[in-house]
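**Student:** Next come the chains, spelled out residue by residue.
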Amino acid sequence: MADAPRHNLPAEPNRFVGRERDIGDLCAMFDETRAVTLCGVGGIGKTRLALRVAHRLLDDFADGVWAVELAKISRPELVVQEIAEVFGLESERGRDLTDAVVTRLAGSSCLVLLDNCEHLVEATAHAAAALLAGCPGVRVLATSREALRIPGELIWHVPPLDLPGSDPSAAESVQLFLNRARAAGTQLGEESLPDVARLCRALDGLPLALELAAARTRMLSPGQIADRIDDRFALLTSGDRTAPARQRTLAAAVEWSHDLLSEAEKTLLRRLSVLAGGFDLDLVERVCAEPPLSESRMVTLLGALVDKSLVICDEDRGRFRLLDTIRQFAAERLADSDEERMVRDLHLRVLCKLQERAFDAEFLTPGVTWRERLAAHTGSRDRLADQRAALEWALRSGNITMGLRLCMRSSGLLSLGGSAAEVVGWVERLLRQDLSLVVPEQIGLAKGYLAYGLLSRDDLDSGLAAAREGLAGMAGDPFVLATAHTVAGGALLRMGRGDEATVHIDSALAVARENGDRFNEAGALIEASIYSLQRGRQREAQRGAEDAYAVANAHGHPWILAMAASHLGLAAETRGDLESAAEHYDAAISWLRELGNRGDLAQNLARSGRVCAQLGDLPAARERLAEALAMARECGLRQAMNRCLVSLATLARAEGDLESAVLASSAVATLRESMGQRTGSVKVDELLSAARAKLGEGRTTSLWSRGRSRPPYEVATQVLEGRRPEPATGPLQVGPVRGSLLTAREQEIAGMLTRGLSNKAIAEELVISPATVARHIANIMDKLGYTSRAQIAVWAADHGVPSA
Amino acid sequence: MDQRIVMIDPGTGQTLTEEQHDERLATAAALLRRRGVRAGDTVLICLPVGSDLLVAADAVMAAGAAVSPLAPDGDGLWERVVTSSARLMISDDPRALAAAQDSRIRVVMSAAELGA
Numbered sequence: 014m015a016d017a018p019r020h021n022l023p024a025e026p027n028r029f030v031g032r033e034r035d036i037g038d039l040c041a042m043f044d045e046t047r048a049v050t051l052c053g054v055g056g057i058g059k060t061r062l063a064l065r066v067a068h069r070l071l072d073d074f075a076d077g078v079w080a081v082e083l084a085k086i087s088r089p090e091l092v093v094q095e096i097a098e099v100f101g102l103e104s105e106r107g108r109d110l111t112d113a114v115v116t117r118l119a120g121s122s123c124l125v126l127l128d129n130c131e132h133l134v135e136a137t138a139h140a141a142a143a144l145l146a147g148c149p150g151v152r153v154l155a156t157s158r159e160a161l162r163i164p165g166e167l168i169w170h171v172p173p174l175d176l177p178g179s180d181p182s183a184a185e186s187v188q189l190f191l192n193r194a195r196a197a198g199t200q201l202g203e204e205s206l207p208d209v210a211r212l213c214r215a216l217d218g219l220p221l222a223l224e225l226a227a228a229r230t231r232m233l234s235p236g237q238i239a240d241r242i243d244d245r246f247a248l249l250t251s252g253d254r255t256a257p258a259r260q261r262t263l264a265a266a267v268e269w270s271h272d273l274l275s276e277a278e279k280t281l282l283r284r285l286s287v288l289a290g291g292f293d294l295d296l297v298e299r300v301c302a303e304p305p306l307s308e309s310r311m312v313t314l315l316g317a318l319v320d321k322s323l324v325i326c327d328e329d330r331g332r333f334r335l336l337d338t339i340r341q342f343a344a345e346r347l348a349d350s351d352e353e354r355m356v357r358d359l360h361l362r363v364l365c366k367l368q369e370r371a372f373d374a375e376f377l378t379p380g381v382t383w384r385e386r387l388a389a390h391t392g393s394r395d396r397l398a399d400q401r402a403a404l405e406w407a408l409r410s411g412n413i414t415m416g417l418r419l420c421m422r423s424s425g426l427l428s429l430g431g432s433a434a435e436v437v438g439w440v441e442r443l444l445r446q447d448l449s450l451v452v453p454e455q456i457g458l459a460k461g462y463l464a465y466g467l468l469s470r471d472d473l474d475s476g477l478a479a480a481r482e483g484l485a486g487m488a489g490d491p492f493v494l495a496t497a498h499t500v501a502g503g504a505l506l507r508m509g510r511g512d513e514a515t516v517h518i519d520s521a522l523a524v525a526r527e528n529g530d531r532f533n534e535a536g537a538l539i540e541a542s543i544y545s546l547q548r549g550r551q552r553e554a555q556r557g558a559e560d561a562y563a564v565a566n567a568h569g570h571p572w573i574l575a576m577a578a579s580h581l582g583l584a585a586e587t588r589g590d591l592e593s594a595a596e597h598y599d600a601a602i603s604w605l606r607e608l609g610n611r612g613d614l615a616q617n618l619a620r621s622g623r624v625c626a627q628l629g630d631l632p633a634a635r636e637r638l639a640e641a642l643a644m645a646r647e648c649g650l651r652q653a654m655n656r657c658l659v660s661l662a663t664l665a666r667a668e669g670d671l672e673s674a675v676l677a678s679s680a681v682a683t684l685r686e687s688m689g690q691r692t693g694s695v696k697v698d699e700l701l702s703a704a705r706a707k708l709g710e711g712r713t714t715s716l717w718s719r720g721r722s723r724p725p726y727e728v729a730t731q732v733l734e735g736r737r738p739e740p741a742t743g744p745l746q747v748g749p750v751r752g753s754l755l756t757a758r759e760q761e762i763a764g765m766l767t768r769g770l771s772n773k774a775i776a777e778e779l780v781i782s783p784a785t786v787a788r789h790i791a792n793i794m795d796k797l798g799y800t801s802r803a804q805i806a807v808w809a810a811d812h813g814v815p816s817a
Numbered sequence: 047m048d049q050r051i052v053m054i055d056p057g058t059g060q061t062l063t064e065e066q067h068d069e070r071l072a073t074a075a076a077l078l079r080r081r082g083v084r085a086g087d088t089v090l091i092c093l094p095v096g097s098d099l100l101v102a103a104d105a106v107m108a109a110g111a112a113v114s115p116l117a118p119d120g121d122g123l124w125e126r127v128v129t130s131s132a133r134l135m136i137s138d139d140p141r142a143l144a145a146a147q148d149s150r151i152r153v154v155m156s157a158a159e160l161g162a
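So the protein lines, in turn, are chains G and X. According to this note's numbering, the residues represented by the first sequence are 14 to 817, in order. According to this note's numbering, the residues represented by the second sequence are 47 to 162, in order.
This is chain G alone, in the form it adopts within the complex:
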């Protein structure tokens, strides 16, 4: 994993000015401090400073630095999910996601940047505290208007930029202003420096205020801007009058900049506040162009807002976003206007329409290539932040029908792409609202869809119940009808209730075929073939698997293709045709790579590794299992880890390494217990008796208990690397301390401390002042990393530093 990316930090939109000393200080703090929170008012530059620090610390963390952007989410429970997503973890039923994140990062050395925490302080603090407690190599850098209040947190107040002094051009605030004015096309000469200095002081060196002012220098001179800002300060209408001066200054600058906008620009700015994440022109045209604005003016208006630094864009002007401070200001303006409901309703409708269109292209439209299906899937996922915001509004405004519709067309919320089945939470929340205005068929459909989400979390009982409730009431959507039948069938099959399952599978097939829905047809055919395998009818299973693959191929969705290929592999493996099985698994693997679904990918890699081991191709088996293992660990899925360990046991046996096989099998047993699954099987009993015969009772028992007492990932790595189990080694030796760092004088004083002398006594002996002695001692402690005089004395004695 040497070439895996080591950070996800966004590119900076323009030059960073000043704060050199602060960056250096902050970087140095992470030696000792595990959590630093950059605090300060909005617009003071917390995020930019944090990104700078994070960039500079890149080489200090072996596992990199990772930014988690919290401004775009509004629900506390999404904080951990957002962190999990950044680290590529996936959710699993019955598993606390915080626990999964902690497990994943327990052995890592990384910096986690939690950006914009203020609206979710409690949830963020909870997550950060869990990370710090469970992951010794993790450091947290947060930005927030208020402190997180977690143990060990260092609160660092971000100050404004330096104000101009005797040499104005040297001041950070002046430099920032001039830099941004230049970027806006204004070259300010020496003669304007006094006015620039006056403006910087009026704006108290606040970076965002300076940026907004500099964006106006084409129209107004710095002196004119300074005059107007002073006037504005007297007229301030928004914000809290008792708020700190800095906050009021910023509010004045934002209001001033806003008031200079045309009515149309103001309208667009406040409407933009409903967009959740970054956005493109297309979305702006759809959501923000209602009268008095029009679609044709959007490019010009958006460009005008970019020129005024109220909207930020990437270099090629393809993606845009609002700074959090500006978004809040714009949202307040929207709330004051009479169009909030209209714009948010429209946002919800537009999202619904876009996601429905993507859903059609991904699943329903016949004759679409897999590339197009994949593009639709990716597009849908890219709208996730906006979809969440729209669902939030559906809940708030009581538009349950539209909310449910949006849920049902959310491939991005499903497990297909490998993400958490978040849709379950949304549907459940919506169904808890007042449903008197929702038509019963719609509720039925929602439950059918809920069933799918539940099953993909391995929640068989609830999935079956939801599918049945849904089937009893739904109408009008054959795709969901077929899905609900397939889910019910699949759940029943996995519960060992095949007879009941076939009824549903047959219904799913009938509905899907009648409506030309090949996605569900393929899914139902796979379930039917699984039932055949369960009953030992291998030829029937093979025919069913082939049919499923042909139908999946005609549909073209990478996920259903992968599922069909994987099932073909299983059928082949069951009848002992290992070569074919390996081929099919590899086909499934390549589809899943296209899709980026790592949970299913890890499962198929593990299966492929198992087959390779049985075929005697041990290098190939190792390679696949290594990847499966890395992936299972990355996504934090215990089920995937479990499958890896099962395959590793097979591999070890194929190599005649009974010891490793026992180790892996015992780790499987532990893992299954932790997931609440049944343990013990004929295979394991057989393995253990073979091991007892060859290795003896004592050795076998000791291996078994060793496998149970260590983390599954560690056991898996050991088995994979083919290392024979060894006795535990002793604690590491402590490295030598760098005494040579001390100056001669410092060595001398360190030595005198072993005699227990006071600062005053040392001072008298050396004929220096006690204050100087104290300073030398501070230097020694700094160099040796100690926190008390006694430690120095012990060190000096240990290292034979002369005491006189």
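Any given hint might turn out to be false.
[What the hints assert, rightly or not] Simulated pairs of lysine to any residue, SDA-like, Cα-Cα distance not exceeding 20 Å:
hint : chain 1 : residue 1 : chain 2 : residue 2
1    : G       : Lys696    : G       : Thr714
2    : G       : Lys773    : X       : Gln49
3    : G       : Lys773    : X       : Arg126
4    : G       : Lys773    : X       : Leu100
Calculated from the structure, these hints are not laboratory results.
Please arrange chain X on chain G, whose structure you already have, making use of the hints.
**Tutor:** Frame of chain G; chain X shown alone:
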């Protein structure tokens, strides 16, 4: 080390021995360095007269910085804090802490945190 008393706290009446003073001073100075205090910096100290103040001031000097003392009940406290060039302040005083919000002080430490 002898048990020479170097300070009697006017509030609590507790005594501070030379040994305690040297030890607390060393620990506090090391901590200040870790919080970014460097030679040539200014550190605001707004503590009531007492052993905490003595140790804090000596620690700031030992860390190589200059002490800028402020009486907690003094006039113009807000102004002094807000216009100060200090990057770090040692205080438990609510008014000083509030003023720090509008200053250029990066880090605020309480006497307890400093171990002084």
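**Student:** Please go over all the hints and tell whether each is borne out by the structure.
**Tutor:** Hint check:
Distance restraint check for Lys696 (chain G) and Thr714 (chain G): the Cα-Cα separation of roughly 17 Å lies within the 20 Å cut-off, and the hinted pair is therefore satisfied. Restraint check: the Cα-Cα separation between Lys773 (chain G) and Gln49 (chain X) comes to about 13 Å, which is no more than 20 Å; the hinted pair holds. Taking the CA atoms of Lys773 (chain G) and Arg126 (chain X), the gap is about 34 Å. The hint is violated against a cut of 20 Å. As the CA atoms of Lys773 (chain G) and Leu100 (chain X) are separated by approximately 15 Å, the hinted pair is consistent with the 20 Å bound.
Hint compliance for this structure: hint 3 is the single one not met.
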